[in-house]
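Residue numbers (my numbering), protein chains in the order written: chain L, 1 to 255; chain F, 1 to 410.
In case anyone wonders, no lab produced these hints; they're calculated from the structure.
For every residue, glycine included, the Cβ atom is placed at its ideal position computed from N, Cα and C.
There could be a bad hint or two in this list.
Stretch by stretch, here's where chain F covers chain L in the computed footprint (C-beta under 8 angstroms, at least three residues) [said to hold, decoys possible]:
no., region
1, 113–124
2, 199–210
The following label-pair restraints were derived from C-beta to C-beta distances [said to hold, decoys possible]:
no., chain 1, residue 1, chain 2, residue 2, range
3, L, H217, F, A354, 56 to 66 angstroms
4, L, H217, F, D89, 32 to 42 angstroms
5, F, T243, L, T49, 54 to 64 angstroms
6, F, I347, L, S194, 52 to 62 angstroms
7, L, R226, F, I339, 24 to 34 angstroms
8, F, F385, L, M224, 30 to 40 angstroms
9, F, N112, L, T49, 29 to 39 angstroms
10, F, E184, L, V241, 15 to 25 angstroms
11, F, T243, L, E150, 24 to 34 angstroms
12, L, P105, F, R143, 34 to 44 angstroms
13, L, G154, F, E184, 55 to 65 angstroms
So you can see what is in the structure, the chains are spelled out below.
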Amino acid sequence: MCTIPKKRQKILMITGILLAVSMLSSLPLFAISAEEIIQKLEENQVHETSRSEGKMSISDRFGEKVTTFKSWAEGEEKTLIEFTSRQERGQKILRTDDEIYLYFPDAAEVIRLQGAALRDSVLGSDMSYEDMTGGKGLLDSYDATLLGTESVDGEECYKVELKAKGRGVAYPREILWIDSEMFVTRRVHMFSLSEKLLKEMRMEEYRSLKGKTFPVHFIIEDKMKRNSSTEFVIESIEIGVDIPASRFSLEELTW
Amino acid sequence: MKLRKIAWRNIRRNTRRSILSMSAVAIAAMTFVFMFSLIEGMKQDVAYNLQTFVTGEVRIHHSEFEKYKHLNPLHLGVDSYTKLTARLDSMDGVRTISPRIKFPTAIYKEGNTYRAQGQGVDFEREAEYQGLEEYVVKGRMPRNGRNEVLVATGLAKEMNLDIGDNFTLLTQTRGRGMNAITFEITGLSHYNFGGLNNSFFQAPLDRVQYFLRMDNSVSEILIKLDDNHSAEEFAAGLDRSLTDWGRPQLEARMWKNISQTYSFVVMADTVYFIIALMFFLLGSTVIINTMMMTIFERRKEIGTINAMGMTGPEIVRLFFLEAFYIAAIGSFVGVLAGIGITYPLSIYGLNFSAAMEGVDMEVSQILRPVLNLKSTLFVFLYSTFIASVASFIPSRKSAKIEPIEALRAI
Numbered sequence: 001m002c003t004i005p006k007k008r009q010k011i012l013m014i015t016g017i018l019l020a021v022s023m024l025s026s027l028p029l030f031a032i033s034a035e036e037i038i039q040k041l042e043e044n045q046v047h048e049t050s051r052s053e054g055k056m057s058i059s060d061r062f063g064e065k066v067t068t069f070k071s072w073a074e075g076e077e078k079t080l081i082e083f084t085s086r087q088e089r090g091q092k093i094l095r096t097d098d099e100i101y102l103y104f105p106d107a108a109e110v111i112r113l114q115g116a117a118l119r120d121s122v123l124g125s126d127m128s129y130e131d132m133t134g135g136k137g138l139l140d141s142y143d144a145t146l147l148g149t150e151s152v153d154g155e156e157c158y159k160v161e162l163k164a165k166g167r168g169v170a171y172p173r174e175i176l177w178i179d180s181e182m183f184v185t186r187r188v189h190m191f192s193l194s195e196k197l198l199k200e201m202r203m204e205e206y207r208s209l210k211g212k213t214f215p216v217h218f219i220i221e222d223k224m225k226r227n228s229s230t231e232f233v234i235e236s237i238e239i240g241v242d243i244p245a246s247r248f249s250l251e252e253l254t255w
Numbered sequence: 001m002k003l004r005k006i007a008w009r010n011i012r013r014n015t016r017r018s019i020l021s022m023s024a025v026a027i028a029a030m031t032f033v034f035m036f037s038l039i040e041g042m043k044q045d046v047a048y049n050l051q052t053f054v055t056g057e058v059r060i061h062h063s064e065f066e067k068y069k070h071l072n073p074l075h076l077g078v079d080s081y082t083k084l085t086a087r088l089d090s091m092d093g094v095r096t097i098s099p100r101i102k103f104p105t106a107i108y109k110e111g112n113t114y115r116a117q118g119q120g121v122d123f124e125r126e127a128e129y130q131g132l133e134e135y136v137v138k139g140r141m142p143r144n145g146r147n148e149v150l151v152a153t154g155l156a157k158e159m160n161l162d163i164g165d166n167f168t169l170l171t172q173t174r175g176r177g178m179n180a181i182t183f184e185i186t187g188l189s190h191y192n193f194g195g196l197n198n199s200f201f202q203a204p205l206d207r208v209q210y211f212l213r214m215d216n217s218v219s220e221i222l223i224k225l226d227d228n229h230s231a232e233e234f235a236a237g238l239d240r241s242l243t244d245w246g247r248p249q250l251e252a253r254m255w256k257n258i259s260q261t262y263s264f265v266v267m268a269d270t271v272y273f274i275i276a277l278m279f280f281l282l283g284s285t286v287i288i289n290t291m292m293m294t295i296f297e298r299r300k301e302i303g304t305i306n307a308m309g310m311t312g313p314e315i316v317r318l319f320f321l322e323a324f325y326i327a328a329i330g331s332f333v334g335v336l337a338g339i340g341i342t343y344p345l346s347i348y349g350l351n352f353s354a355a356m357e358g359v360d361m362e363v364s365q366i367l368r369p370v371l372n373l374k375s376t377l378f379v380f381l382y383s384t385f386i387a388s389v390a391s392f393i394p395s396r397k398s399a400k401i402e403p404i405e406a407l408r409a410i
């Protein structure tokens, strides 16, 4: 029978203790699956109905441009945005399911965006119309994998990878850093099919209302544009408000 | 004097062979009278198209515009343009001016999207600047202040649109936002070059300013000058004046310094010069061959005249003169034939529509060769010179024939 030297016994014991401590500390984090994390995130960030007002500040090599807007939303699938700033006053974007319609006061027809036009930028921002589509839940369109935990802005986050199940999504792969306590996204990276980082979204500020916590200040950077970023600030928001169904109709859009 | 007579007589001794030699030079000369005329026509055509539709003779632009052109930087425009046009209108040498806004756009029609190039113009000014009415093939010119548009035939055909139809276009505004507006088609236009016909439309400047949120700005001002004014000198003077007028951000440039198309045509001119040289050398080989055969056939004759006292250099001159006469006559006939072919084509034009389809250059589909005295004279002298010089090689050989050997055969 072989005997282990005392010094080696000590090292093995310390290593064992360290391993046990690290496994125990990670247990509460990994006790949850990637799917559960995404479900909790969506419960938190998606509202049955909401009405908000905010501003969008676009910075690029030519300077900064601020656009203000009002927005109405019902679940993930219906959104109406009406721009209120002087240059864009009266312009509206309506999203119903996967369709995007644009209304301009000087245009006699409502423009339904499709195909390559969906990749155009919304008012020159870092967000495309395509970013607004995909109304289904994330788990309907993506397979989620928990990659581990990482600290973002000093907060512990789950790092979740989303891989598209099919071709009907704007980004084939995304990585989300989801706050492990609040279940809100702190950072999102969107990748192309060739694994190129296309966009980054960073959350700066959150608000809690009626038991839900959601971002109200975030920045999107289109990595394909040089020196460009778009900052969204939700200045006021109400959730669980009554919104008539006609608000999201094409007839109402032109009024 | 004697040598010239003998040379001329020798040419007539074998008329068929002399005509064949002349024909080689004539064909080369005829081809290049035509080709140089075609290039001259192309140069004039590109210059007109650029000056009328693209750059003007002199263009006033924001100095940063070209750098960010791919981003459609409408904010880098000519602000308070009416003040500037008032100054330009009263300037010596200015024939006519055209303030314009160029913008790329997407046109939406019944669920389909078409990419197009829009231009906001003052239709009253354009009647003089472009002679725009000439290009309206159906309907009428739009009126300033109305949501009316003149659409190029190719674009109208692609979108299946006609007079009275509406279409909505979506584009980026000066503030880098988006806006859309609906226009009614009042006229269809057809231009000489395909680049415009396939994707181009023109709308009233004031309406384009409104929907692009341009206020009193335009993206450029094009200037056409009186005939006796140099565009280069005018552009340099105006560029200095713009700074004096408190607009250092603007620049005035002459058309040749803006577009590359003209440079390509000028380059083609040089390439044709080199090709012409090759053609004339090729034509000259027939003369060289004729001269060599003549020298071989007349060995005895050369020996006789040598024995009678004609010196080697004189024999060389004799054969050189023969070659020179053949080349000069061939060139002259070729130049005349070239003029004969080119002149009617300069009136009726040559249709390159099929070849130019899809070519996005400011070259018209129907080109009219332009006879140029300088290039025609050049072709005559050049072909005569090359053919004469080429014949010098066999002519020298004639001087080396020994009289004894040549006469031994008698």
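Now for the hints, and whether the structure bears them out:
1. Here's how the region 113–124 of chain L fares: 8 of its residues keep a CB closer than 8 angstroms to some CB of chain F, so the rule of at least three is met and the hint holds.
2. For the region 199–210 of chain L, the stated coverage by chain F is not satisfied: 0 residues place a CB nearer than 8 angstroms to a CB of that chain, which falls below the threshold of 3.
3. A beta carbon spacing of about 59 angstroms between L/H217 and F/A354 agrees with the range 56 to 66 angstroms that was offered as a hint.
4. Range check, L/H217 to F/D89: Cβ separation about 52 angstroms, and the 32 to 42 angstroms hint is violated.
5. A C-beta distance of roughly 59 angstroms is found between F/T243 and L/T49, which places it inside the suggested range of 54 to 64 angstroms.
6. The supplied range of 52 to 62 angstroms is met by F/I347 and L/S194, whose beta-carbon atoms lie about 57 angstroms from each other.
7. At roughly 57 angstroms, the beta carbons of L/R226 and F/I339 sit outside the given window of 24 to 34 angstroms.
8. The given range of 30 to 40 angstroms is broken by F/F385 and L/M224, whose C-beta atoms sit roughly 60 angstroms from each other.
9. Range check, F/N112 to L/T49: Cβ separation about 35 angstroms, and the 29 to 39 angstroms hint holds.
10. One distance hint, 15 to 25 angstroms for the beta-carbon pair F/E184 and L/V241, is violated here, with the actual separation near 41 angstroms.
11. Between F/T243 and L/E150 the C-beta distance comes to about 56 angstroms, which lies outside the given range of 24 to 34 angstroms.
12. Checked against the hint of 34 to 44 angstroms, the pair L/P105 and F/R143 fails, with Cβ atoms roughly 22 angstroms apart.
13. Range check, L/G154 to F/E184: Cβ separation about 60 angstroms, and the 55 to 65 angstroms hint holds.
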